[in-house]
Amino acid sequence: MRPRLASVLVNGGLVVVSAIVMFPLLWMLSVSFMQQGEASAFPPPLLPAHATLANYRELFERAGMGRYLANSLAIATALTLLSLAFNLSAGYAFAKLKFAGRERVFQTLLGALLIPAQVAMIPLFLLMKWLHLVNTYGGVIVPGLAGVFGIFLVRQYAQSIPDELLEAARIDGAGEWRIFTRIVLPLLKPIVVTLAIFTFLASWNDFMWPLIVLSDQHWQTAPVAIAALSREHVQDNELMMAGSVVTIVPVLVLFLVLQRYYIQGLLLGSVKA
Amino acid sequence: MNDARAGWMFATPALVVIGVFYLLPVLAAFALSVTDFDLYALANLDNLRFIGLRNYTDALATSLFWKSLLNTAYFVGVGVPLSITASLGAALLLNSPLARCKGLFRTALFAPVVTTVVAVALIWRYLFHTRYGLINWALGHFGIAPIDWLGDPHFSMPAIIIFAVWKNFGYNMIILLAGLQSIPPELYEAARIDGASAWRQFRHITLPSLQPVLLLVGIITMSGYFQLFAEPYVMTRGDPLQSTYSVLYYMYEEGFMWWSLGRASAIAFLLFALIFMVTRVLLRLARRGAAA
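Top to bottom, those sequences are chains A and B. Per my numbering, the very first residue in the first sequence carries number 20; after that it's consecutive. Per my numbering, the very first residue in the second sequence carries number 2; after that it's consecutive.
Be a bit skeptical, because a hint or two may be false.
[Said to hold, decoys possible] Taking lysine to aspartate or glutamate and the DMTMM-like style, the derived pairs with C-alpha atoms no more than 20 Å apart in a straight line are:
| no. | chain 1 | residue 1 | chain 2 | residue 2 |
| --- | --- | --- | --- | --- |
| 1 | A | 148 | B | 37 |
| 2 | A | 148 | B | 47 |
| 3 | A | 148 | B | 254 |
For the record, the hints were derived by calculation from the structure and aren't laboratory data.
Sequences are here, hints too, so could you generate the full structure?
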């Protein structure tokens, strides 16, 4: 009888906690289909009386959400692809190629992780202004082209590549670039997926830096745009929920599909201590 | 020899990016923080003057800075322990051999982590609504009168903490779950044979084994929570009565509303120094705890 009770407690606890955690997201979806003003009632309705797409229509036709989502997509995609190239080659170098000062440089990089990114933001803004990158995609993409975390992740994974494999290729006369593209990259495939999803999600969800460097509405990303929109439309809850849905759904779907890789990266990244 | 050249060739592009767009700006931030860089200097660099540590002393003499610091400390001091407790609780449930459908529950509990802060903050802003919010409606069933969560300075920070716990606990849950799974099951078996209760097993096996992981998670979460910005930006704009005004919010307004970039840099450095010091203290306490 007692193990039975324990099982009910554990599984019941999981059901209740999961329900509470998922509720805001499900409710957001529900409210986004409500008529304007419908959610401003007491008690708040759980489901729309007459589901409508009016909020989404207004979001795309009048608030220009399509443009902001396209900005987010362009920035996150470009940043993911480009930063993969930088971080993969550097991570491989730090793991497998011996060069003078390698360990010292790597330790310096790890030390830099301690500095909050916001410390760099003000001079970075001036630098971007000087480079004429303020209010361009480049303003968000260029500073993120390489990152310590990405290099660290690749290095951790690449260390498992056997040296003999690389040596054998060198003896066969393969150049370093050829070794990297033909032998190393295929072996790094799982970490490539992991790093790609990490970078894409981080870029899509980023708020403070895009807020600073993309002040022109035309170039704003979805999070910056809905933050601005929410300050104008404080009362339009149904519209704002639709805005939240279209911002969240892309990353949520991506996560659900590639979950295994994401979790793996999270664990690999946290064993550095 | 060949190896060395290849090494630098592969590493250099990334190092240049990090050097130019990260390390250089950090150094420049320190240089900026000892100047009066403002809107005039932005227009013409001739207006720039060296003012020593005045930005720092000015910030430390401003009551709004101290207010933002206290608010941030409140958020960190209450939010971090709550977050980690929630993470640990969820991880323990998921790790129980009795739990079913673990993958499904894990995904559900982790989902908030991958969502966009700004977007989910909007949901919670509405859940916390005084009149139409579901939270007050739920509390009403327990006879609790409606709370003006985001409009009452006593409740605004707790509201943001509740939101932050919901948003973030899944991350540490995964790390702690991995930690729990790496505890050898023989330890528990031995304890069970000795007749130790579940609580004693938790207290004397689980917690000590998790200690290094908990320290790591604590430091990561603490330094992340010190960087509180988007939540008050969307939910309260730092109000009511500046009760949710954070250090980064202060830096943002000084820097990008008033263009006092020198002053804003000094604030960023003060925050960095604070995070650094708290990390050191935590590490030292942990070392002393491990030695004792």
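Hints, verified against the model:
1. At most 20 Å may separate the alpha-carbon atoms for a hinted pair to count; residue 148/A and residue 37/B meet this at roughly 19 Å.
2. Distance hint between residue 148/A and residue 47/B is fulfilled; the C-alpha atoms sit about 18 Å from each other, no more than 20 Å.
3. Between residue 148/A and residue 254/B the CA atoms are separated by roughly 19 Å; this keeps the pair inside 20 Å, and the hint holds.
Hint compliance for this structure: no hint is broken.
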